[in-house]
Amino acid sequence: MGALTITYAILFYAAAAVFGLGVAYRVWLYARTPAPLKIPTTPAPLTKSGVALRLAREVCLFESLFKANKWIWIFAVMFHAALLLVILRHIRYFQEPVWFWVKLVQPFGLYAAFAMLAGLLGLWARRIVVERIRYISNPSDHLMLALLFGIAASGVALKYGARTDIVAVKAFMLGLMRLDLQPLPADPLLLVHLALVIALMIVFPFSKLLHAPGVFFSPTRNQTDTPRERRHLAPWAAALDAGRK
Amino acid sequence: MAGPAFQTPALKDDIAIPAVAEGAMGHSKPFIAQPEHQEPLGFPGQLVEGWHDKAITKLGDLLGKSRALRVFLDSCVKCGACTDKCHYFLGTGDPKNMPVARQDLLRGVYRRHFTVAGKLFPKLVGAKDLTKELLDDWYSYYHQCSQCRRCSVFCPYGIDTAEISMAAREIMDHIGMGQKYSNEIIAKVHKFGNNLGLQEKALKATLAGLEDDIEDETGVRVRIPVNEKGAEVLLVTPSADFFASPHIEGLIGYAKVFHQAGISWTVSSFASEAANFAMFIGSYEQMHKIAGRIRQAAMDLGVKRIVFGECGHAWRVAYSFLNTLAGPWDFLDPRYPVPQHICEVTYDLIQKGVLEFDKSKNDDMTLTFHDSCNVARASRMGDMPGGQFHIPRAIIKACCNNFVDMRPDAIGEKTFCCGGGGGLLTDDLIELRVKGAMPRMQALKEVVDSDGVTHMAAICAICKSQFSKVLPTYGFDMEMVVSVHQLVSKAIKLTPKS
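So the protein sequences, as listed, match chains A and B.
If you count by numbering that gives the first Met the number 0, then the first sequence holds residues 0 to 244, one letter each, in order.
If you count by numbering that gives the first Met the number 0, then the second sequence holds residues 0 to 497, one letter each, in order.
Extracted from the complex, chain A is given alone in its bound form (with noise of 0.2 angstroms):
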């Protein structure tokens, strides 16, 4: 076994611990955190099921950012869309035998990849070029977007341009995930890609990629329109009420 292939491993577990601990720990922060008031954006749903529906139409359709900036959306869901496909694609990565649906996912992720790359330069031109998005822009935002399309890029390269030994890499994720490590293929373009997901995984619950958990912990948006129907008390607002009639 290569030093190379031990490093890979090492790097690929301490990241899922690290993203895995980390954003449970964040979730677990938002859950634990007390919403002292009722303060859903009205008009909001008056049922816990509306609220869901509410959610889903946020998480799946971009609703707000849809009235907001028909840009920005177009691209971010050309983005998150595709993002989500080429996930899915990369799932018989890590199983063996292959769902059936993941099969029938393939083809799709194959051009998702492009949209994915055309969603990340729209969202990058405008942060540079719109005058208002590049004045609230930090350097991480950019990197972010780098780091994004590194990750889009060298898969795209390793499926037309320099292709690796893809039936090794299978058994390498196989490996790690049944703690029986296979040799990693040394092409250099194919450890660039695994170290920038790495990277990308380090980095998730460190950064304003939280917003994935976040959305649904948001009270403006996960809150029903019922505060005269039923009493909503925090326990250390509750403490307020001690001593009154």
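Honestly, the hints are just simulated from the structure, not real lab data.
Glycine included, every Cβ here is placed at the ideal spot set by N, Cα and C.
One should not assume that every hint holds.
To be verified - Below 16 angstroms or equal to it, Euclidean Cα-Cα: the simulated EDC-like pairs (lysine to aspartate or glutamate) are:
{"no.": "1", "chain 1": "A", "residue 1": "Lys69", "chain 2": "B", "residue 2": "Asp83"}
{"no.": "2", "chain 1": "B", "residue 1": "Lys179", "chain 2": "B", "residue 2": "Glu38"}
{"no.": "3", "chain 1": "B", "residue 1": "Lys288", "chain 2": "A", "residue 2": "Glu62"}
{"no.": "4", "chain 1": "B", "residue 1": "Lys179", "chain 2": "B", "residue 2": "Glu35"}
{"no.": "5", "chain 1": "B", "residue 1": "Lys228", "chain 2": "B", "residue 2": "Asp299"}
{"no.": "6", "chain 1": "B", "residue 1": "Lys28", "chain 2": "B", "residue 2": "Asp135"}
{"no.": "7", "chain 1": "B", "residue 1": "Lys413", "chain 2": "A", "residue 2": "Asp240"}
{"no.": "8", "chain 1": "A", "residue 1": "Lys69", "chain 2": "B", "residue 2": "Asp408"}
{"no.": "9", "chain 1": "B", "residue 1": "Lys28", "chain 2": "B", "residue 2": "Asp408"}
{"no.": "10", "chain 1": "B", "residue 1": "Lys228", "chain 2": "B", "residue 2": "Glu248"}
{"no.": "11", "chain 1": "B", "residue 1": "Lys190", "chain 2": "B", "residue 2": "Glu355"}
{"no.": "12", "chain 1": "B", "residue 1": "Lys468", "chain 2": "B", "residue 2": "Asp426"}
{"no.": "13", "chain 1": "B", "residue 1": "Lys118", "chain 2": "B", "residue 2": "Glu132"}
{"no.": "14", "chain 1": "A", "residue 1": "Lys66", "chain 2": "B", "residue 2": "Asp83"}
{"no.": "15", "chain 1": "B", "residue 1": "Lys444", "chain 2": "B", "residue 2": "Glu430"}
{"no.": "16", "chain 1": "A", "residue 1": "Lys66", "chain 2": "B", "residue 2": "Glu412"}
{"no.": "17", "chain 1": "B", "residue 1": "Lys28", "chain 2": "B", "residue 2": "Asp299"}
{"no.": "18", "chain 1": "A", "residue 1": "Lys169", "chain 2": "A", "residue 2": "Asp179"}
{"no.": "19", "chain 1": "B", "residue 1": "Lys131", "chain 2": "B", "residue 2": "Glu48"}
{"no.": "20", "chain 1": "A", "residue 1": "Lys66", "chain 2": "B", "residue 2": "Glu199"}
{"no.": "21", "chain 1": "A", "residue 1": "Lys169", "chain 2": "A", "residue 2": "Glu62"}
Unchecked claim - Sample of chain A residues with no beta-carbon within 10 angstroms of chain B, all distances over it, derived:
{"no.": "22", "residue": "Pro33"}
{"no.": "23", "residue": "Leu87"}
{"no.": "24", "residue": "Ala198"}
Stated by the list, open to error - Which bits of chain B does chain A cover? Going by a derived footprint, with three or more residues having C-beta under 8 angstroms, they are:
{"no.": "25", "region": "82-94"}
{"no.": "26", "region": "368-378"}
Following the hints, put chain B in place on chain A, whose structure we already have.
Frame of chain A; chain B shown alone:
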């Protein structure tokens, strides 16, 4: 006070997105609260020793108390969706008035002290130390947010800048850097029961005089009772309704509705204020204390129902928070929601055919309706989502023949703030108020030009005062703004009651 040394924005063909003008409003700051405004609220009188550490500690405290704050500070991806949505940005071009940039003033400090990335790589992620300079920026720009929530409609994560500016003001209050206007008023409510410092005797005299005026005009004695035990309804209304115009015409309208429906009601001098300015400064404790007066008054007077008068942010605190702050209301009549909006009461009575109108009495006007921000995006009326848009319009249409809506992106959930909400309705912020009113004035101008609109109705004391002040700077008549219940008052058919 000297005349305003600034340009009123020109109204054009559309609501234009301005070019970024850095620092354009950096000079705008409301008067700082003096010790006599701070101390009655339990806040330090002036900027304290060690304010930096105390501010960070307070931020940590708030992060543990408010899920919204924590999630909102983490989730922003800087997509830019909100950047052209704030009326203060549209009116001033100052980039720190873009909602995301306003949030970033606090987010930078949050990242520096509460996130791994901000501790390790501050420059990379925009983490900032809370310098005195940045604190001054906080004071300036967190008092250029009217907490209208328009940005929260458009944010893909529902980030509400109002929550951020409330938190920032709460932190500033705790280190002795409060805003005079809001804190002085809150102290008055604690002492007198209303924002004006109006006492029971004066209130009774004012309202008795109003009863005489109504009788002179209509020939019918319509009562406006104060502190009447055993009344069915406690009316809690903004104190501006007792003296300012067009607010007072609205109050007359409520009185006529109660009179005509035969509902006994009363005002309380102890809780003679619907507005709860503690929301503006983000203080749950102060909000709780003020709301407690309403509970007390309802118990003391033995009423069965609580109804709120026309007031925007008051209705947010009433509709969304009152049950939390001062409930449960198990001692009131369970057949009615607590509290009710006066528009809900009037609308229900219209539906039941209890009220009759002579619409021609309002034929001298062509009306449009300004959805008040906190009614539109932070509350509801009736039993359907969006009732807050439908019900006031239905009332207007029941008593007026001529009604036109403004452009769709300036009403309903996308309505623009009047420019004076959130604790900014003070003369020391007049430039901000005038500039922030630009989008509303633009939308109004369009219906004035296209449909001959003569008047704009509103259901908020702040909107009414703000418009009375800024309409003339845009070349409109200050009396263009009217209360919804002023229209009711003019058209309602009154019959004498025994």
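Margin query: Going through the numbered hints above, which ones does this structure break? Give me the numbers in ascending order.
Written below: Per hint list: 3, 7, 9, 10, 11, 13, 15, 17, 20, 21 and 22 violated.
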